[in-house]
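So the sequences go chain by chain: U and F.
Read in order, the letters of the first sequence correspond to residues 1 to 225 in this note's numbering.
Read in order, the letters of the second sequence correspond to residues 1 to 261 in this note's numbering.
A hint or two may mislead.
Claimed, not checked - These stretches of chain U come out as covered by chain F in the derived footprint (C-beta under 8 Å, 3 or more residues):
(1) 55-67
(2) 145-151
(3) 173-182
Unchecked claim - Computed, partial: chain U to chain F, Cβ under 8 Å:
(4) Leu-84
(5) Ala-86
(6) Val-90
(7) Leu-219
Simulated from the structure, these hints should not be mistaken for laboratory data.
For glycine and all other residues, C-beta sits at the position ideal for the given N, C-alpha and C.
What follows is the residue order along each chain.
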Amino acid sequence: MLPQEGFALEQVSLRRGGALVLHDVSAHLPRGCCTLVTGPSGAGKSSLLRLLNRLADPASGQIALDGRPLTGYDPLRLRRRIALVAQHTVLLTGTVAGELAVGRPGLETAQARELLERVGLGGAFLSRPTAGLSGGQAQRLGIARALTTGPEVLLLDEPTSALDAAATGLIDDLVASFIADGGSVVLVSHRTTGVQRLAGHALVLRDGRLIEAGDPAHLTYPAAP
Amino acid sequence: MTAPAIPGWPAVAASAVLVALAALIAARARLGLAADVLIAAARALGQLIAVAAVLAVIFDWGGLAGSCAWIAIMVLIAGRVAARRARGLPRAPAVATLAVAAGTAGTLAVLVAFTVIDTRPHVLVPVAGMVVAGAMQATALTLTRLREEIETARPQIEARLSLGLDAAAAFAPHARTALRTAVMPAIDSTKVVGLISLPGAMTGLILAGIDPLTAIRYQIVVMYMLLAAATLAALVAARLARTVLFDDAHRLHDLATPFPR
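Can you build the whole structure from these sequences, using the hints too?
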């Protein structure tokens with residue numbers, strides 16, 4: 001039987017550009033916690049996230065959310081509920097305010113400022129053009145943009161890769177408060193230290209296969225060199 | 001007005017001296033193009049004689065049905081040519097042919113409905129030829145530009161899709177870019193018409209002895225219809241491209257993998 005709460009993957013394989021990037025992955029990503037997805041680069045971590053908001057469908061196998069096949073949901077509504085933040089934020093409009101309006105036209109200024117505060121950019125950023133933003137600022141704007149649709153699941157792909165320690169702490173706090181508010185997070189990270197304390201569950205991928213799953217505090221990955 | 005200045009066959013044969021001259025220059029300069037010059041000239045001769053023979057038959061006996069059949073053949077050929085520019089785009093021949101057909105049919109329908117032109121074959125077929133050519137150029141430009149956009153703008157499109165936008169909204173900025181590129185040549189040539197070059201229809205009428213003030217009336221119609229044909233064909237090409245580039249789940253196809261047929 002498929003578990004009822006959260007994502008359930010059953011023998012999922014995914015092809016991209018003709019190559020098999022995920023192979024026979026069966027896993028459970030529970031609700032109400034942060035699932036850490038880790039492993040070496042090229043393991044298929046980002047591809048897994050694309051499956052969860054249906055930017056891709058598996059070549060074989062099945063994915064269910066809360067006991068219902070993912071293909072049974074309206075894809076547009078699904079993507080607003082399951083927000084994906086790509087590793088490299090692609091800016092779309094030229095202004096910070098414009099970015100926040102892409103997924104939610106007519107977003108009120110007060111709400112936009114609040115979202116910017118949540119990702120540690122500050123409300124004053126709202127009137128800025130995106131041209132002068134640093135990589136880290138753009139990444140945080142990407143998270144704020146994803147939050148505009150009011151998602152219940154956040155899919156974060158290496159969200160702190162361009163951030164310094166202080167900004168990384170802010171994103172960690174955001175993840176913790178998102179979960180405390182009843183949300184779920186799937187966090188892709190090639191590092192395990194630091195994020196282990198956030199995560200309630202962990203999956204380790206290597207070469208497109210699931211090699212470990214369980215308590216993040218007791219992972220054998222990364223193995224000693 | 002003067003009599004039509006149309007060269008006789010001896011004059012045409014004399015003009016072949018120019019081809020010989022071009023071939024000679026190419027040979028002397030070792031461009032490796034002498035054979036190409038001769039082949040191109042011979043091909044043009046053969047093609048035009050064949051087309052003239054077909055047109056003569058259509059004009060004399062074809063009627064409206066024959067004209068429409070000939071226009072359909074032109075649309076099919078133009079669709080194939082435009083699709084070649086869009087290689088890699090799924091179902092490019094069907095998309096291009098439908099776009100050219102829509103641009104041609106829409107423009108001709110208006111011209112006929114408002115009695116700007118009549119449906120006699122010797123009017124309808126040459127006018128349709130110009131419309132098809134304009135629609136073909138716009139279609140090819142639209143599809144070429146869209147293919148480039150899809151190759152480079154996948155992250156932007158997927159970022160919009162990830163925010164819950166549908167395929168139409170995620171694709172719209174890129175479709176707009178392609179449409180601007182496609183329609184710009186028709187706008188530019190409309191802007192400078194008569195200033196930089198005397199356009200074909202007007203030149204033909206003047207050579208045939210028609211007063212320039214009369215000849216421009218035809219040219220104005222030609223410019224307007226070419227603008228319409230280009231815009232209509234480009235719009236239809238972009239719209240159809242969207243349906244073949246995205247699937248039912250509002251996802252951009254992976255251009256590296258084969259498309260469903």
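Query - Hints that the structure is at odds with (numbers, increasing) - result: The structure breaks hints 3 and 7; every other hint is satisfied.
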